[in-house]
Amino acid sequence: MTVELRPTPFEPFAELSRFHESMAEQRRSAGALATFIGTMRDFNEGDTVTRMTLEHYPGMTERQLAAIVETARARWQFIDALVIHRVGEVWPGDPIVLVGVWSSHRAAAFDACRYLMEELKSRAPFWKKETLGAGERWVSCNTPGYSSCG
Amino acid sequence: MTVELRPTPFEPFAELSRFHESMAEQRRSAGALATFIGTMRDFNEGDTVTRMTLEHYPGMTERQLAAIVETARARWQFIDALVIHRVGEVWPGDPIVLVGVWSSHRAAAFDACRYLMEELKSRAPFWKKETLGAGERWVSCNTPGYSSCG
Amino acid sequence: MSIRVRYFASLREKMGRVEETLAAEGLETVSDVWKAVSEGRPLPEQILCAVNMDYATPESLVADGDEVAFFPPVTGG
Amino acid sequence: MSIRVRYFASLREKMGRVEETLAAEGLETVSDVWKAVSEGRPLPEQILCAVNMDYATPESLVADGDEVAFFPPVTGG
Chain P
1 MTVELRPTPF
11 EPFAELSRFH
21 ESMAEQRRSA
31 GALATFIGTM
41 RDFNEGDTVT
51 RMTLEHYPGM
61 TERQLAAIVE
71 TARARWQFID
81 ALVIHRVGEV
91 WPGDPIVLVG
101 VWSSHRAAAF
111 DACRYLMEEL
121 KSRAPFWKKE
131 TLGAGERWVS
141 CNTPGYSSCG
Chain B
1 MTVELRPTPF
11 EPFAELSRFH
21 ESMAEQRRSA
31 GALATFIGTM
41 RDFNEGDTVT
51 RMTLEHYPGM
61 TERQLAAIVE
71 TARARWQFID
81 ALVIHRVGEV
91 WPGDPIVLVG
101 VWSSHRAAAF
111 DACRYLMEEL
121 KSRAPFWKKE
131 TLGAGERWVS
141 CNTPGYSSCG
Chain F
1 MSIRVRYFAS
11 LREKMGRVEE
21 TLAAEGLETV
31 SDVWKAVSEG
41 RPLPEQILCA
51 VNMDYATPES
61 LVADGDEVAF
71 FPPVTGG
Chain G
1 MSIRVRYFAS
11 LREKMGRVEE
21 TLAAEGLETV
31 SDVWKAVSEG
41 RPLPEQILCA
51 VNMDYATPES
61 LVADGDEVAF
71 FPPVTGG
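As you go down the protein sequences, you meet chains P, B, F and G in turn. Going by my numbering, the first residue of the first sequence is number 1, and it counts up by one from there. Going by my numbering, the first residue of the second sequence is number 1, and it counts up by one from there. Going by my numbering, the first residue of the third sequence is number 1, and it counts up by one from there. Going by my numbering, the first residue of the fourth sequence is number 1, and it counts up by one from there.
Mixed in with the good hints there might be a few duds.
[As the list claims (entries may be wrong)] Under the rule of at most 27 Å between Cα atoms (straight-line distance), these lysine-lysine pairs were calculated in the DSS-like manner:
hint, chain 1, residue 1, chain 2, residue 2
1, G, LYS35, G, LYS14
2, G, LYS14, P, LYS129
3, F, LYS35, F, LYS14
4, B, LYS129, F, LYS14
Simulated from the structure, these hints should not be mistaken for laboratory data.
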């Protein structure tokens, strides 16, 4: 189980590849990998966003992320999980969050991956401040994630 | 929307990266990417599996995959989707299937990605034949995917 | 009439052939096609069928020039 | 007793400070800590709190040496 905060840009597909390779022999029993990658959009609530600052609570953020992964591990059978989250200054198109769950079964991989994302968004101490053309604003809340537009 | 059958091994993270890059400006509105990668395990139903052959129905397989993507597109809002599936000879650790859904919203990305995988497993004409130490056998059915071990 | 019949996976091995072309008259449904290629036996419950690459049922109608396929449950992904 | 109090994001800006250390006596709960740093005002409903980096409630007890944090709803991911 790996949880990382990154102060600089990261390349999510290279991270996934590296982590996948590092699992060595375990990979052969991990037939299912579900991932989620969140990147910065250049708009929010109808406004153009040119930059974003991600604040966090050093110590508590890592602790909460680890707790979320442990809770998922108690609930679903998976072999390994990777969580990477940006902190600091982020530009449109930059990856913000990466979650990957390796399991022998796709249902567990999908469910645990989604759970990690929903818990991360509702419990991990991160705060986004957007830079607009006309100043800055704090993002006030995250949208609930289990109901989709479908 | 891209659907591909591959007769030779592919590197899923490189494929995702390439596809992601090719979306150019669209990427900036696609803040959410949900993916699933299925790889060959070296065991099944308690037996060691050394090799697998993936048979398909040329023409019908592509047609069914395209129909599944179109149905998902009518149901969820997403910007683009990628489906790659191996055919032919596959060895343990080899990627078999890759599904990626790019959306502005994580719920739509997650739900559409999972739908594509479940529909693919239940409707796309592929058949797996496993080579065991003691001969060969056809895989008789896929497990249902919406109930997890959680 | 002429119907191209194709088999896949374990059913292909069981039938001992990949495909065949039926020239018989009086084939109205997928079920009729199956009987014509299997010495009159009923279509096994778990066998799936397709007409011109779309899923079909034993009652689906067939026409001259159609491609009918029979195969076991799919196991991709 | 000594309590380290920390603020984050929009609340940090509103408070005009990143952190402070309270040396006052008689602080029993998180709510007491908030009152001590905000001239007796009640804790705003949407503000979250943590004691020693675990989520807490206004009724959670605090002890000498604890770190108490206040912050707005989280918006990561």
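We went through each hint and held it up to the structure:
1. For the suggested pair LYS35(G) and LYS14(G), the alpha carbons sit about 15 Å apart, so the restraint of at most 27 Å is met.
2. This hinted pair checks out: LYS14(G) and LYS129(P) have alpha carbons roughly 14 Å apart, not beyond 27 Å.
3. For a cut-off of 27 Å, the pair hint linking LYS35(F) to LYS14(F) stands: about 15 Å separates their Cα positions.
4. The straight-line distance between the Cα atoms of LYS129(B) and LYS14(F) is roughly 14 Å, inside the 27 Å bound, and the hint therefore holds.
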